[in-house]
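Hey, can you work out the whole structure from these sequences and the hints?
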Amino acid sequence: MEEIKQSDEIILFIDEVHTLIGAGAAEGAIDAANILKPALARGELQCIGATTLDEYRKHIEKDPALERRFQPVKVPEPTVDETIQILKGLRERYEIHHKLRYTDEALVAAAQLSYQYI
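6 is the number that full-length UniProt numbering gives to position 6 of the sequence shown; each next residue is one higher, with no gaps.
Hints are computed from structural coordinates only; laboratory data are not their basis. In this text the structure is predicted, and so the values were computed from the model without any measurement. A virtual CB, placed ideally from N, CA and C, is assigned to each residue, including glycine.
Once the Cα atoms are required to be at most 25 Å apart in a straight line, the calculated SDA-like pairs of lysine to any residue come out as: (1) K62 with L45; (2) K74 with D54; (3) K74 with I21; (4) K62 with L40; (5) K99 with A110; (6) K62 with Q46; (7) K37 with C47; (8) K37 with E2; (9) K62 with I21.
For each label pair, taking beta carbons as the anchor points, the in silico distance ranges come out as: (10) D104 with Q71: 33 to 43 Å; (11) G43 with D104: 39 to 49 Å; (12) D8 with I35: 17 to 27 Å; (13) Y102 with A41: 43 to 53 Å; (14) R93 with E67: 33 to 43 Å; (15) E2 with I118: 41 to 51 Å; (16) A109 with G22: 38 to 48 Å.
Structural data, given as structure tokens:
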């Protein structure tokens, strides 16, 4: 934590930030969210937390002190065309990892079917 506080170039990213609430808290101990709050309040720590809207409402909003320390940014679901571009950008990495090829048609079908059924 001290190393993060001393650097202006470090931004802490916490995926599923809502899981910090209650994390590590045993009887009488403080949880991870309460450990971060003072550093966030003093501007000693830059942090990006990712969560779903439902989890934000369920956990973060119920802790006003924690909620004040974050600025919500809603990221909309990508359109089908944006999804195709994202998949094309990831294609080579996935082809190498899975040792196979993804055609343009497969990427388009994946994007369209995901939009339709998910």
